[in-house]
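Engineer: Chains as they are written, first to last, in the working numbering: chain Y, 1 to 315; chain E, 1001 to 1292.
Take these hints with a grain of salt, some might be off.
[Unchecked claim] Now the in silico label distances, taken between C-beta atoms and shown as ranges:
| no. | chain 1 | residue 1 | chain 2 | residue 2 | range |
| --- | --- | --- | --- | --- | --- |
| 1 | Y | L301 | E | T1068 | 16 to 26 Å |
| 2 | Y | K308 | E | Q1252 | 51 to 61 Å |
| 3 | Y | R202 | E | R1112 | 37 to 47 Å |
| 4 | E | E1003 | Y | L146 | 50 to 60 Å |
Since the hints were derived computationally from the structure, they do not count as laboratory data. Ideal Cβ placement from N, Cα and C applies to all residues, glycine included.
Below are the chains, spelled out letter by letter.
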Amino acid sequence: MTITVLTNTATPPRVIQRSPLLARVMAWELRRFCASRLFWVQALGFFGFSLFLTWALHAPVNFPQVSNGVQFTGFVAGTSAWGLLRTLPVVLVVLVLLLPFITADGVTRDLSRRTHELLMTTALPTWAYVWGRYLAGLVMSLGLALLLLASILGMGWLLHLTVTDYPAPVIGNLLLLWVGMVLPATVLVSSFGFALSTLLPRLSTLVKVVILVAWIVGALVIPLGLGRTTPPPAWYVNWDPTSGITALGLLPSYSIHLGPTITNAVQLQQLILTVENKMPDLAGWFAPHLLLAGCSLALVLVAALAFKRSRDTFS
Amino acid sequence: MMELTIERLSKRYGQHFALRELSLRCEPGMLGLVGPNGAGKTTLMRMIATLLEPTEGNIRWNGQDIRTHGQALRQVLGYLPQDFGIYPEFTGRQFLCYLAAMKGLPGSLVNRRVDEVLSIVNLEQEADRKLPTYSGGMKQRIGIAQALLNDPELLIVDEPTAGLDPAERVRFRTLLASLTSNRIILLSTHIISDVEAVASRLIILQQGRVLSDTTPEALLARSAGSVWSVTTDQITAMQLQASYQVSTMVNQMHGITLRIVSPTCPHEAAVEVSPSLEEAYLLTTGWQAVRV
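Extracted from the complex, chain Y is given alone in its bound form:
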């Protein structure tokens, strides 16, 4: 049995490196994520689902001719602006189902796993711990959002190469909708989940459930109800973080009315091609979506300031 006396080492380990603390916390949290098999299964599952949804949308649908009731079949490319407005809110729901499980427990996981005391007795500053955990979760969330972008682009090009009349993805439109809808939603849900769970660690499960239920209601239930009756109010179209109502408000500009000049499916498809990649109207909703994401960062700041290393609970 040999005992190594720590103080005999040449360089004392008490030398504390101060520079990249935030980067250290982030890097190790990312390593922990990457070492988790569950995370990769979730990411691959999400990638597969968004590929499937983009592919499924090129299935032909019927467009009735108003004047004589004749129907022609055509398809709206899932990677066009029109197609994206139909699919993005749905894919976002799936993305949002994953996000709280990635970000919300950034800090509270240590409490539930009882690793909190080990970390809080290190010289790691509180700000580096909280922001490092948040940013690591945000990076993983944005990674999933990028995966969504990649799946749409990849499937779009695949369909363009293999399906007649399928247009190549217009990268500008796609990026615009991704930045205006997916990016703010990702930042908003990640920040909101992290901040609320950090502020209310005992209620972190409830926080996740509330976020998921609220998002499903906002993205699917309300649009289904409103879509069948009156058009949504303009403020709601602009400020809806789920983009469900935003898409509902934008879609009418893509509707086509088949006049008597359209006499066959080929003509219909050409008509769709001229409409589906029209640049979406950004006025009104784009800036509010980014603003909502920015506000959620302020909530993270509040959570970081309110975080206490010492606590009378969670012993």
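Go by the hints and put chain E onto chain Y.
Structural biologist: Chain E only, in chain Y's frame:
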């Protein structure tokens, strides 16, 4: 000169005092903290480790209040909680590297330090296994290893030998003994023999107060003449057990041999014997503590 000073420290949960006006002054060396369950040992350690806020009083590290200078203390602190969790995604080595990084060890030192502490706790062979595959004892050794990563000036270990097999316990005691020269070590334990082997100072806590601040030798000396041995039949043994504090009871061929802790001779056949530290502890804490 490193110094830990605790002044009139209290911790209250509602109307219940976990610690009450506790004062201590610690200099380099090993301080054994013993006491019955609920005596306040873990509360005291968690307050020193800056994990709990005192209700009253203060704790000073080298003269600085740790409530305002907690970071200075944490830079030189090694802490092994009584019960701690792990990251199941990590191997033992990754877990230690992670905590070394969080403790602020320079990147160039991390691997070497991790290898050293793995060697100290005898886990080099299992270092690359995932943590969930570790036994309770191996997990405890990883906990000890992480507490040593930053070569702490103040080492707080709460029940460190719980879950270790006898050989590992002896090894850990030897390790602690080798570390005492230039640091303050606070060792909380229920296993009195651990304290006896390594601690130069013994604090007995009871109901949140210091019952005794002494040395193992002084405690033993104080208990001389208060431990008795008697071999008797089963019925008498049962009667003695009901009336006195029995520290050991061994069934033998010719009867039952009891060791009894009592200031007075418990039986006409009883003979005075040298007390063990455990018996001296029982004598100090009294019958009440044993029943807790």
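Engineer: Which of the numbered hints are not met once you compare them with the structure shown?
Structural biologist: none
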